[in-house]
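Protein sequence lines correspond, in order, to chains A and B. Going letter by letter, the first sequence gives residues 1 to 333 in the working numbering. Going letter by letter, the second sequence gives residues 1 to 398 in the working numbering.
It should be emphasised that the hints constitute simulated quantities derived from the structure, not laboratory data. Possibly wrong hints are sitting among the right ones.
These stretches of chain A come out as covered by chain B in the derived footprint (C-beta under 8 Å, 3 or more residues) [to be verified]:
1) 19–27
2) 68–75
3) 100–112
4) 287–296
5) 319–332
All C-beta atoms in this analysis are idealised placements derived from N, C-alpha and C, irrespective of residue type, glycine included.
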Amino acid sequence: MQKEKVIPFNFIPDKGGRTLKLGGANYMLMNDAMYTFYERSMGDFSDFFLAIRDKKKILGCKCTKCGMVRVPPFVTHCPDCNFAPTTRVEVGQVGKLLSTPPITYFANALFLDKAPFGRGRAVLKGADTAMSVMLYTTTGILTPGIFNRGTEVKIIFKDERMGEICDIFAVPASELTRAQIAKNGLLESELNFAAPKEPKYGKPTKKDAADFKQTVKELQLLAKEMSASPRVRRAIEGWKRDVAVKCKAGEFAMLINDGDFKIEDKKLKSPDFVLACEDPRYLLDGLLYKGAITDSVITKKLWLSKNIEFNTIFKLDRLARFLAREKKEQAAK
Amino acid sequence: MARKVGIVGAAVTPFKSKWYEKTYYELAQMATREALADAAITPEDVDAVIYGIYNDIFERTCIPEHPLQGITGLHNKPGLRVSNGGATGAYAISAAHAYIAAGRYDIALVLGVEKSTDCFDFTSKSSTPEVIKVIGWSGDSFFEQKIGWTASDSYAEVALAYMDEYPGDLKPEITAKISSLLSEQVKGNPVAQRANDQCTPEEVMNSRYIVYPFKELEICVYSEGAGAVILAEEKTARAIAKNTGVPPVWITGLGESNEHSFAGKNQNHWGRIYSHHMAAKRAYEMAGIKNPLKEIDVVELHDAFVHQLEISMAEMGFCPLGHADGLIEDGIMTPGGEVSVNPSGGLIYCGHAVGASNVMSAWACRNEINKKGHRRGLVHGTGSTICQYGVAMILEHD
């Protein structure tokens, strides 16, 4: 197996560019990158990262004067005590969140495959300061309410560690057994992460079937309108996904292809991913800009077979927004 | 004794989601040309330039200001670049003010520019994830970048910590109303990116979560553009004003504060934006302001996020901490209220071209003072992780 590179290969564009026509003139867009490689000194943080990598321990620094324990140990001398020296101490692997943490649904390019995730500040047992830590739940998609101020969390170590801060993350202690909470150096492989399970909706009624047919028809008309809008087309420029949409009363295909957006009354043999919802109106409402599709996934009205496809969900929300904005701008003119 | 300093010229290019037609060289020159024309002076009259450019990676060069010296006609004059996160523009104006007040220069150009959305993520075929990534390089590189730090999630941390402290404040229906109000106020702003994007509170509430608790229509938008203001000492300012017929707007108060970038005991004041509180306090002391709500008519606030707008207003004394929703519920910032907040539409609707954003706010505040006869305005800037940096500036009519 090839070793992982510091820049993932799929992020690197081909050499070249394109020409864009705007207002009768041609403008160039060139594919480019600024890249710098480092052999970076971890210096006085080395023991902190080595302790994570090799000993599954978390270290802090303790001021020899005021006794404050900072985690991570980012000072060798205490700036609050006229630079009195600090010493290394080990802290606990259970702690409490300093505040309710944010949840990132729309991540930066390097984290698109990791969203949704939380990033909170955990004050570990024996520490005075809070350490930034990524937060996950073992129960599925992370939603507001799982982590709050004061929520007890447990540090988890990844099985393969490089000596980086992302070698650790935290989960709610309430999702673990007592033995797991008590164990120092608990590994990710020792957790039971719920596997994505496609929902089942039961037998449809005649009304469900009629509503489904009508909604698909409305979706088809909307998709046609969207495909005709240059602004909307830009939202899915270069994007290609075949999505199987499974509902209580039937299944249809949602096809995104470099600006084209189509709804077809057919089953896909090998879709890129599955979107499941009891009632397809959730999807229709989202595309009509009457409630975000992202939020329907968060509130579990819509189910995604692959988390990374949040990326596509964001694009669907943009389709809706771009169409609404285009209509507003036309009305303003 | 510090000399009195005033704004005698200003200009802002249109803020756009992407300027396919212009490089940042040309955007910088556009703003400079127009600001100098506004003050009816030429490059020869300018003693120095202070550049406000936030991020080298956006401009794709590590000393992005160097080509601008000649392009703006200011070769052989002093040029200093300021880069202070989101507060870059406000800090750049502050630096120019200090030089002039100290007597080093009589006239200075403050030039803010940013071209952010050339950054492009080829995997998702869109700019935004790459722009967020580039801003993400601004986070702590040992402990936070690699766990997904972003500007949004760091500001969300502060908003949520505030909401832990004051659970009844920053209600979703109020943040939605503020965003909707800003979308109405942006109408008529000639440089705004979203001048025609009026949103109802329902639309705001229905927009998708980007980073909980922030929704898409409660967050500033990335823009490309440039802004320039001309600052001059009193005698020169009055001479310029006589020539242009536009009175100077004086900078009578300035305050800045940078907090700790980590949280916990003896570190950041978690749940508060102390940097904004301290910056405003210092600016009020300098300007002799005792009661900002009564003595300030217009605020151009760096609204990176609506939630932060509310907390910043409370920190700067316009409403109590814990009842920032009073901005709407008590009619403080609603039309006809005690203070006009972001008549430009703010960064959420006018746009956020980082180095140029606070310059745009100063341009907008000056316009409000000169055109609507307000006596005093406040320009605010925020930046860095967890609202670490704060700047407040008082602009005043003669």
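Now for the hints, and whether the structure bears them out:
For the region 19–27 of chain A, the proposed coverage by chain B is satisfied: 5 residues have a C-beta within less than 8 Å of a C-beta in that chain, meeting the threshold of three. Coverage of a stretch by a chain is defined here by at least three residues with a beta carbon nearer than 8 Å to that chain's beta carbons; for the region 68–75 of chain A and chain B the count is 4, and the condition holds. For the region 100–112 of chain A, the proposed coverage by chain B is satisfied: 13 residues have a C-beta within less than 8 Å of a C-beta in that chain, meeting the threshold of three. Counting residues of the region 287–296 of chain A whose C-beta lies closer than 8 Å to any C-beta of chain B gives 7; at least three are required, and the coverage claim holds.
Coverage of the region 319–332 of chain A by chain B holds in this model, with 6 residues showing a Cβ closer than 8 Å to a Cβ of that chain against a need of three.
Going through the hint list in order, the structure satisfies each hint without exception.
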